[in-house]
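The listed protein sequences correspond, in order, to chains A, F and H. Counting in the numbering used here, the first sequence runs from 1 upward without gaps. Counting in the numbering used here, the second sequence runs from 1001 upward without gaps. Counting in the numbering used here, the third sequence runs from 2001 upward without gaps.
These are calculated hints, taken from the structure and not from any lab test. Keep in mind that this is a model prediction, so the values were computed, not measured. Glycine included, C-beta positions come from ideal geometry on N, C-alpha and C. Among the clues, some could well be false.
Quick list of in silico lysine to any residue cross-link-like pairs, SDA-like style, CA-CA up to 25 Å [as the list claims (entries may be wrong)]:
#, chain 1, residue 1, chain 2, residue 2
1, A, Lys-306, H, Asp-2023
2, F, Lys-1075, H, Lys-2043
3, H, Lys-2066, H, Ser-2056
4, F, Lys-1075, H, Asp-2035
5, A, Lys-291, F, Lys-1075
6, F, Lys-1075, F, Ser-1059
7, A, Lys-306, H, Ser-2041
8, F, Lys-1080, F, Thr-1107
9, A, Lys-224, H, Asp-2023
10, H, Lys-2066, F, Lys-1075
11, A, Lys-224, H, Val-2068
12, H, Lys-2066, A, Pro-269
13, A, Lys-310, H, Arg-2013
14, F, Lys-1048, F, Gln-1191
15, F, Lys-1075, H, Arg-2013
16, F, Lys-1075, H, Val-2058
17, A, Lys-306, H, Asp-2040
18, A, Lys-310, H, Ile-2034
19, H, Lys-2066, A, Asp-217
20, H, Lys-2043, F, Thr-1134
21, A, Lys-224, A, Lys-291
22, F, Lys-1075, F, Gln-1191
23, F, Lys-1080, H, Ala-2079
24, F, Lys-1080, A, Lys-224
25, F, Lys-1080, H, Val-2058
26, H, Lys-2066, H, Asp-2021
27, F, Lys-1075, H, Ser-2056
28, F, Lys-1080, H, Gly-2082
Pairwise CB distance ranges, derived in the manner of DEER restraints [said to hold, decoys possible]:
#, chain 1, residue 1, chain 2, residue 2, range
29, F, Asp-1239, A, Arg-7, 16 to 26 Å
30, H, Val-2058, F, Ala-1043, 49 to 59 Å
31, A, Pro-63, H, Pro-2006, 58 to 68 Å
32, F, Gly-1163, A, Arg-65, 47 to 57 Å
33, H, Thr-2003, F, Gly-1074, 34 to 44 Å
34, A, Arg-65, F, Gly-1074, 50 to 60 Å
35, H, Pro-2065, A, Ala-267, 50 to 60 Å
36, A, Ala-30, F, Glu-1302, 52 to 62 Å
37, F, Gly-1074, A, Lys-291, 15 to 25 Å
So the chains spell out like this:
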Amino acid sequence: MSTAPARRRVVLTGFGVISSIGTGVEEYTAGLRAGRSGARPITRFDTEGFGQDVACEVPDFEPGRWIRNVPLDDMGRAGQYAVAAARMAVEDAGLTEADLGERPAVVTVGTTDGESHDIALLLEQELAAGDPEAMDPVLSRRINAGRLSTVIARELRMPNVEATTVTTACAAGNYSIGYGLDAIRSGEVDLALCGGADAVCRKAFALFKRFGALTPDVVRPFDKDRQGILTGEGAGILVLESLESALARGARIHAEVLGYGLSCDAAHPTAPNRDGIARGIRLALDDAGVKREEIDFISAHGTGTKANDKTESAAIVDVYGDSPPRTVAVKSMLGHSMGAASALGAIACGIAIEEGFIPPTINHRETDPDCPLDVVPNRAVEADVRIAQNNSSAFAGNNAVLILGTYGE
Amino acid sequence: MSTATASPEATLPPGTPVITGWSAVSPYGIGRERFAAGVRSGAKTAVKADASLGSLPTSDVCVVPGFDIQEVLGKRGTAKMDRLTALALVASDGLLLDGDGNRVVETDDLTGVVLGITMGSLENVTDFLRQSYTNERPFYVDAGRIPFGSLNHAAGATAIRHGLKGPNTTVAGGRVSGLLALNYARRLMHQGRATKYLVGSAEEFSAAHAWFEHTAAAPGDPAPLLGEGCGLFLLEPADTAERPALAAVLSVETRVDIDDDPRAAVTACARRALDRAGVHAADLWAAVPCAAPTAAGHAEHEALSALAPADALSRVPSMELLGDTSAASASFQIGAVLAVAEADPGAAGRTALVTAVDRDGAVAAAVLRLMGEQR
Amino acid sequence: MTTVAPERLSRIREIIAENIDVDLGTLSDTALFIDELGADSLKLIDVLSALEMEYSIVIDMNELPKMVNVEATYQVTAAAAGW
Chain A
1 MSTAPARRRV VLTGFGVISS IGTGVEEYTA GLRAGRSGAR PITRFDTEGF
51 GQDVACEVPD FEPGRWIRNV PLDDMGRAGQ YAVAAARMAV EDAGLTEADL
101 GERPAVVTVG TTDGESHDIA LLLEQELAAG DPEAMDPVLS RRINAGRLST
151 VIARELRMPN VEATTVTTAC AAGNYSIGYG LDAIRSGEVD LALCGGADAV
201 CRKAFALFKR FGALTPDVVR PFDKDRQGIL TGEGAGILVL ESLESALARG
251 ARIHAEVLGY GLSCDAAHPT APNRDGIARG IRLALDDAGV KREEIDFISA
301 HGTGTKANDK TESAAIVDVY GDSPPRTVAV KSMLGHSMGA ASALGAIACG
351 IAIEEGFIPP TINHRETDPD CPLDVVPNRA VEADVRIAQN NSSAFAGNNA
401 VLILGTYGE
Chain F
1001 MSTATASPEA TLPPGTPVIT GWSAVSPYGI GRERFAAGVR SGAKTAVKAD
1051 ASLGSLPTSD VCVVPGFDIQ EVLGKRGTAK MDRLTALALV ASDGLLLDGD
1101 GNRVVETDDL TGVVLGITMG SLENVTDFLR QSYTNERPFY VDAGRIPFGS
1151 LNHAAGATAI RHGLKGPNTT VAGGRVSGLL ALNYARRLMH QGRATKYLVG
1201 SAEEFSAAHA WFEHTAAAPG DPAPLLGEGC GLFLLEPADT AERPALAAVL
1251 SVETRVDIDD DPRAAVTACA RRALDRAGVH AADLWAAVPC AAPTAAGHAE
1301 HEALSALAPA DALSRVPSME LLGDTSAASA SFQIGAVLAV AEADPGAAGR
1351 TALVTAVDRD GAVAAAVLRL MGEQR
Chain H
2001 MTTVAPERLS RIREIIAENI DVDLGTLSDT ALFIDELGAD SLKLIDVLSA
2051 LEMEYSIVID MNELPKMVNV EATYQVTAAA AGW
């Protein structure tokens, strides 16, 4: 439908990863290749009474290793993940603080829960004392979601930025990357730091437990016996740059951002919607100027719930017909890292393109007949990946689909 | 300044978004007219908090008077609705429907929705956690309230209510969120993802929010007087607008105050917004700061005082009359400009600067040109 | 199948009516929640969790599909509560 007139091309020159299967691009790549699971016993909060205690927490996080300019107390854990990943991403991109400085840019972090862990700590303080005056000002000052983006600007000493936290829940990472794409395409900026961040917290755990969406054992997306998610955490930040800017400084280009699509179900506050997802996919393909046959694999939203995987599969088949591209769920490894999920999924797509493999859907025993997909079960496969699609869907009917491609050739 | 014979729209740079409708639910009441009349009257909106709000750090509040969710929206689907969603839904009705409930604004799959927030319904989240901590089992929580706690719920509910399947986004930035939302809409329309946008921002008053704000206040700062509400606008590209333009959005600029110098940050941001708009500060008809009751808010005021003419600064009564409305601030500021402009024939063709500062360090400014239409 | 205790049934009917947004007076014991009364699985989760809290029990989520109407819900609750 849309013919793209000479539209500015946007490439990915840096990745920053904080995840339950690896910190930094190298470890993350190794984790994806190995089909590593990030599931481990919860340490973040007291799980007594829940009847289960497993999540995909990030092990051994050292904020001081990445964060030097902003006092650590100015952020909660989600903010620290976001900043650490941003620092990693700009380093991966070969951008120094001198390169950044007053340069105009967009900084956008997606999140579902923000600093909900800190909100819980505040409440614990109030309950313990029986008095809201007992709450800690340091915590109360850092609980608003906007901080996840502004704190990156403060750490990287970039004042001339639009810092917008996108709070479209579990689709927020793709929304954020898409917004960076639109900003650079517009010509107003050459640079955008985009992605998502979230931290394991009692609120998310209790929420999915109450919905019956927490798996009692492992995450098995698209499996006949799947029983739900594990909550997870982390951050993925991507450096988006105009192609001209990247070439001018001889940057290493991971992949190209070809396009994205947004759709709203306008139907149900929580249930996934087949038509909404299909529409998002079609809009993304159209925006990217990519034909269906060109998609080499799909990084699904693939949470591992009965409802999502069935609905998403149906939407994929609606768009792609009987032989859809291989479709994998990295949430099988990462759990559901909420606002970080689609950012980590996008980075996984970028890595797949660059390194030539498709990450697996682990914990897979028997594919659900309602999910007629090749999920690349349990073992990564070597593949020439040229174009990849990254899905995401959220409560409130928000869907965002991103298309990445190999740069050049 | 525009000549009397040229149509104001014709002089706008291509792709300029224009505001062609607006609505507000505010401490002045439900609806645009009540907001506009209230703003022009310069009346205070602070009242003594009703006992039903629970224990509060300070007894003065600026709430939307008489806003009972089930009374205003009916009983279907509202028993567990959060106040923020309700405010946004009522504002969306005010934007899209006439007084009899008939749709007067056409929408389709290219109509976008973007709402600015701070942290959504803190009441929903804290009530949920409170139940988890105090009930017999930590998952004994009110399941029916869960969907309303998503930060993007209000925008999604607006879409469900009006069948809006276009791009739907929620952005967080506290007091600057209304301008972040405006810039988001501007960008996506420019990229052809939408042909019109519902854009605004909203905040609910609650004891939970009040106590967090009280705790966060700097030592020595007075207990903040808090407000609430939702301001919502219809935004269209000037050349395809289906309704007369009330104001053109000439520029939106944002910045992060990385050096804890809000005065400098606001000055830099406002200057850039004026430059981008091709407007001289001396020509401003109105300059409206967010009037946050904080050191940053005072610095913002100083910055504008040094930049804009005195009559511009006094054109619109201070936003502090509405209390600190957090995420609703910038949208109320734009609404206030429109409200004062609609009663002043001298406003047509003139420009207004709106700025906001947020605790998390973001600073934003927008320059509007009033188009002189009565609505 | 457990014998139905009238007071418990009455309270369970109230909880169901409130959570699936149906008038208590017209709620029959056999009308199907999803197929006839317009409820969805989310509302059934609301019912399940309200019942858990009311009786301090845990109802396995796998039982949710069995909660098709009032009388089936009573039986699921009774089993979980050990009545």
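Keeping to a limit of 25 Å between CA atoms, is the pair of Lys-224 of chain A and Val-2068 of chain H held or broken?
23 Å, holds
Does Lys-224 of chain A sit within 25 Å of Lys-1080 of chain F, going by the straight-line distance between their CA atoms?
At roughly 35 Å apart (the allowed maximum being 25 Å), Lys-224 of chain A and Lys-1080 of chain F break the hint.
Starting from the hint 50 to 60 Å, judge whether the C-beta atoms of Arg-65 of chain A and Gly-1074 of chain F obey it.
Taking Cβ atoms as reference, Arg-65 of chain A and Gly-1074 of chain F lie about 54 Å apart, which means the hint holds.
Distance restraint between Lys-1080 of chain F and Ala-2079 of chain H, which requires alpha-carbon spacing of 25 Å or less:
29 Å, violated
Between the beta carbons of Gly-1163 of chain F and Arg-65 of chain A, is the distance compatible with 47 to 57 Å?
49 Å, holds
Does Lys-291 of chain A pair with Lys-1075 of chain F here, judged by a C-alpha cut-off of 25 Å?
Violated, at roughly 47 Å.
Could you grab the alpha-carbon distance between Lys-2066 of chain H and Ser-2056 of chain H and see if it respects the 25 Å cut-off?
Status holds; Cα separation ~20 Å.
Take a quick look at whether Lys-1075 of chain F and Asp-2035 of chain H sit within 25 Å of each other, Cα to Cα.
Holds. Lys-1075 of chain F to Asp-2035 of chain H sits at ~22 Å (cutoff 25 Å).
Should the hint that Asp-1239 of chain F and Arg-7 of chain A are 16 to 26 Å apart at their CB atoms be regarded as holding?
Hint holds: Cβ distance 20 Å, inside 16 to 26 Å.
Given pair status - Asp-2040 of chain H, Lys-306 of chain A, alpha carbons within 25 Å
Holds, at about 15 Å.
Mind checking the hinted window 50 to 60 Å against the Cβ distance between Pro-2065 of chain H and Ala-267 of chain A?
For Pro-2065 of chain H and Ala-267 of chain A the Cβ distance comes to about 22 Å; the hint is violated.
Regarding the pair Lys-1080 of chain F and Thr-1107 of chain F, is the alpha-carbon distance no greater than 25 Å?
Given pair Lys-1080 of chain F, Thr-1107 of chain F is violated - Cα atoms ~28 Å apart, limit 25 Å.
Checked against the numbered hints given earlier, the structure breaks hints 1, 5, 6, 8, 9, 10, 13, 14, 16, 21, 22, 23, 24, 27, 28, 35 and 37 and satisfies all the rest.
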